[in-house]
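Visitor: Chains as they are written, first to last, in UniProt numbering: chain A, 1 to 694; chain B, 1 to 328.
Treat the hints loosely; a few may be bogus.
Among chain B residues calculated to face chain A with C-beta under 10 Å, some are [unchecked claim]: (1) GLY30; (2) ARG36; (3) GLY40; (4) LEU47; (5) SER75; (6) ARG84; (7) PHE86; (8) SER125; (9) SER135; (10) SER138; (11) GLN146; (12) VAL230; (13) ASP232; (14) ALA234; (15) VAL241.
Hint data in this document are derived by calculation from the structure and do not stem from the laboratory. We put the beta carbon where it would ideally sit given N, CA and C, even for glycine.
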Amino acid sequence: MTELPRPRVLGRSPRRVDGPAKVTGTAPYAGDQPVPDPAYLHLVQSDVARGVVTSVDTAAALELDGVLEVLTPDNAPRLASTDDAELAALQSHEVSFRGQVVAAVVARTPEIARHAASLVRVEIDRLPHDTHLSADRDDLYAPEQVNGGFDTDTSQGDLERGLAAASFTLDQTYSTAWYNNNPMEPHTTTAVWSDGELLLYESTQGVHTTRESAATTLGLAPERVRVVSPHVGGGFGSKGTPHVHTILTAMAAQAVPGTPVKLAVTRQQMFSLVGYRTPTIQRVRLGCDDDGRLTAVALDAVGQTSRIKEFAEQTAVPSRIMYAAPHRRTTHRLAELDVPVPAWMRAPGECPGMFGPEVAVDELAIACGVDPVEFRIRNEPDVEPESGKPFSTRNLVACLREGAEAFGWADRDPRPGVREESGWLVGTGVAASLYPVNRSPGSRATIRCTAPGRYRVEIGAADLGTGTWTSLAQIAADALGVDFPDVELRIGDTALPKATVAGGSSGMTSWGSTVVAAAEAFRAKFGDRAGVGDEAGASMPEDDSSDEYAMHAFGAQFAEVRVHVDTGEVRVPRLLGVFAVGRVVNPRLARSQLIGGMTMGLSMALHEQSVLDERFGHVVNHDFAEYHIATNRDVPNVEARWIDEHDPHTNPMGTKGVGEIGIVGTAAAIVNAAHHATGIRVRDLPLTLDHFLR
Amino acid sequence: MIPFDYRRAVDVDSAVGAVTDPEVAFLAGGTNLVDRMKLGVAAPRVLVDINRLPLDEVEQLPDGGLRIGATVRNSDLAAHPIVRQFYPVLSRALLSGASGQLRNLATTGGNLLQRTRCSYFQDVSTPCNKREPGSGCSAIGGFTRQHAILGASEHCVATHPSDMAVAMAALDAEVLVRGPAGHRVVPVVDLHRLPGDEPQRDTVLSPADLITAVDLPPLPPGSRSLYRKVRDRASFAFALVSVAAVLRVEQGVVRDVRIALGGVAHKPWRARRAEDVLRGSPVGDDVFRRAAEAELADAKPLGDNAFKVPLARNTVVSALRELSREER
């Protein structure tokens, strides 16, 4: 693989290109885009989990001044494709989950639309529903594959024999909760039709993927749809796959010809319409010898999916990669329930899938009397355990050692429940982090000389607040061999060359490789004497390394936890993550991603939980007052650092991606520390105070 | 949000006079009412804005107590030097509530009259006796982590969300009310009701009653007070259990004690049984625990919130221990 020549801007922290626009409130988010005289959409949701819509009475809503249209299953335009059942808005009378959209009101103001929506009377014939997730269900099924295209089940050696021969064994069940993606900016769409062409201002992680799904669903040629999304106020995966609100806004704008339509999904609606992380139940079985060397590793993961569309979280996949052991097995099973459609949420698979196993490793290390850091080091594999491929780079051990040193691990007294300071029990814990290096083929970039020494780089990439505006321009500057201010990056528009979705921490790898290839093409064509108007482009090169190497980022997270003796309150005064993520493009932005991920992991450990009321089939705590996300006071000290790692195989920049690994392993480190503090082992998240009350 | 009329009251009399029917509501800070209007839980026809009434002063009373105007903002009250010096329980309770932004808007009267945040009450798609009498209580048999363990009924198990009111209950505060029939004084412990079979009625006030002030009696010299709030995250969450305690100890014996619990009932829960056990007893963990257990003897947890019984017990013990330790 060609490497980037002489990095100059790479590794530095130029200020965010989009910073001034954001702090002055002028960055146009999807709902801010100025369109002439827009109307506003408000969605009406089903209040039953399963049934058939028998009538929708829109009379009272239509009588309101300012109401333009009410879409219902009876009058909504027919869509060209209903293959993606999640997007089949108002195409049938069937209700498949509570919160499904059953009508939509278009009005002159958002207030009128909302008021009118409350006047729409929807009659639904109720059918019995089932939203109960359990590992004991007799109708669990094995999906054909799991998210990411991975095998559903794997098996090597003879697990039972491996367990039987082990000196120490563990067989425990762990669970993670239902989590909802809650970016600050809600899902927002502005739809403008003109001459049969559709313009969507959309808050999305991928303008081209949004265009594709909108075009397919609406029956338009893709070139008749333009999607614009220069700024996104967070997505965490929920803006990575298409959801129904986009289609509904386009349909609504079609129903009021000549009038653009805007929709901002409400916070409460986000809990049923834009995806979420499935709860998981994880049975972990481990066996090790007297020295703490693993002989058997097994994870059987159960999750849920919706009746209308399958999503199979790849919870057991990280267990195929982490530790050496001759006997191993992983499985995924799903319960198909009358629930909203689950989807991506920051580090799908790895985030929940590193919880159970990393707590189990702590338990087994304690059982066999080996320090949990040392236990992990002893079980470091030479090659990727299940594939047998060499790692392009694997620096988990270095992360563990550096982290242990920085955290003061060496002085740790392993005994649980023996340290008390001013009424707080104190403990420390560790867990490993893992995230794959994902490459998504299909991006293209063009570079044009716009003035002497000035270069415009175009690619339809996305910035979710992650810093793409800055980091991708840094890569372009180095690839062109020019100064950072001489690069003008354009992203977030399907009018630009095609880019893959911002997902799987693949942005820098995929878009960065593409920009480097375009710069190489440009320099090959024009040398150092490019004139104004000169232009060249390239697609993302074929990858020649991923078949040969297993490529992953690794990390180690250390937590200090305090549990109040009287009240059981849990605090995390200190969290340290040390990561091996390849070369870091922009330290300021990378640090922000890593501590953001760790904070979200802390939030998952201590607070987050979408509570399902099975009688109704809805998330009860569907707002920020009751769906608790960590506050500033919950995260007094979160530190992220990284080791100096350069991976020659991942991509020309040597990067691995930093968007997701920070959330992986955090919850396990905190649970392990809480055990060290109290002697109480919690296996079900979140780590609420009632676990510790005596 | 349903359209409504907005009027600004110029004096107390006209404000009270403007409330001609239950669909007219006073608007103070709006931090709870406006949320309920957005959610469709409240739909007043008319809002009478009382923010410009001359009720925003804190003044010392001749007896050494304090009169707090109804529109004094929570932030201002928490920061008031007299409150900080003599009523730390109130200052700490206020600062443990909501967020800085909300406290800057929320008023003393409005804080008392805020309604429960029971998820089912706040969601018009689920039945709720408090919102729609007779429709049923969805919380019973549902998610009840935040719900009551004391004084609930088969019709409603909601909790009152205020921190400030819990401190005021421990301080024996009195609420000054101006209604159509004139002025009256309601002890804060009698302001809120238990749900019984009328959970739609949170307080003993009628719609045209306007809270004009809250009076705090002086605390006897030597009294110490604190507010301990336990919740599911370190800030910006409603109490699972909170304890407001005022304690005066002489020579190791409890001379005066007043305890109120938050997060456990439909109203700030004055713990008189615990006080009776404590009064006259030598301080110590054993008696603190016996006192807490006496108060919680009739607790009826709902499943999800069974932990609140030991949590309330431990928090009371912890709070009293801290107060009596300071005393020595």
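Visitor: Run every hint past the structure and note whether it holds.
Guide: Going through the hints against the structure:
1. At its closest, the beta carbon of B/GLY30 sits 16 Å from a beta carbon of chain A; the interface hint therefore is violated under the 10 Å criterion.
2. Interface hint status for B/ARG36: violated, as the beta-carbon distance to the closest one in chain A is roughly 12 Å, over 10 Å.
3. A cut of 10 Å between beta carbons decides the hint on B/GLY40: the least distance to chain A is about 6 Å, and the hint holds.
4. The beta carbon of B/LEU47 comes no nearer than 15 Å to any beta carbon in chain A, farther than 10 Å, and the hint placing it at the interface is violated.
5. Of the supplied interface hints, the one on B/SER75 is violated, with its beta-carbon coming no nearer than about 17 Å to a beta-carbon of chain A, more than 10 Å.
6. Interface hint at B/ARG84: violated, since its Cβ lies 21 Å from the closest Cβ of chain A, which is beyond the 10 Å cut-off.
7. Taken as an interface hint, B/PHE86 does not check out: its beta carbon lies about 27 Å from the nearest beta carbon of chain A, beyond 10 Å.
8. Taking 10 Å as the C-beta cut-off, the interface hint given for B/SER125 holds, the closest approach to chain A being about 4 Å.
9. For B/SER135, the shortest C-beta to C-beta distance to chain A is roughly 13 Å, which exceeds 10 Å, and the interface hint is violated.
10. The interface hint given for B/SER138 is met, as the beta carbon of that residue sits about 8 Å from the closest beta carbon of chain A, less than 10 Å.
11. Here the hint on B/GLN146 is kept, as its CB sits about 8 Å from the closest CB of chain A, short of 10 Å.
12. Nearest Cβ of chain A to the Cβ of B/VAL230: about 5 Å, under the 10 Å cut. The hint holds.
13. With 10 Å as the threshold, the beta carbon of B/ASP232 comes within range of chain A, its nearest partner Cβ sitting at about 6 Å, so the hint holds.
14. Evaluation of the B/ALA234 hint against chain A yields a held restraint, the C-beta minimum of about 4 Å falling below 10 Å.
15. With its C-beta approaching chain A no nearer than about 8 Å, B/VAL241 sits inside the 10 Å limit, and its interface hint holds.
Violated hints for the displayed structure, listed by number in ascending order: 1, 2, 4, 5, 6, 7, 9.
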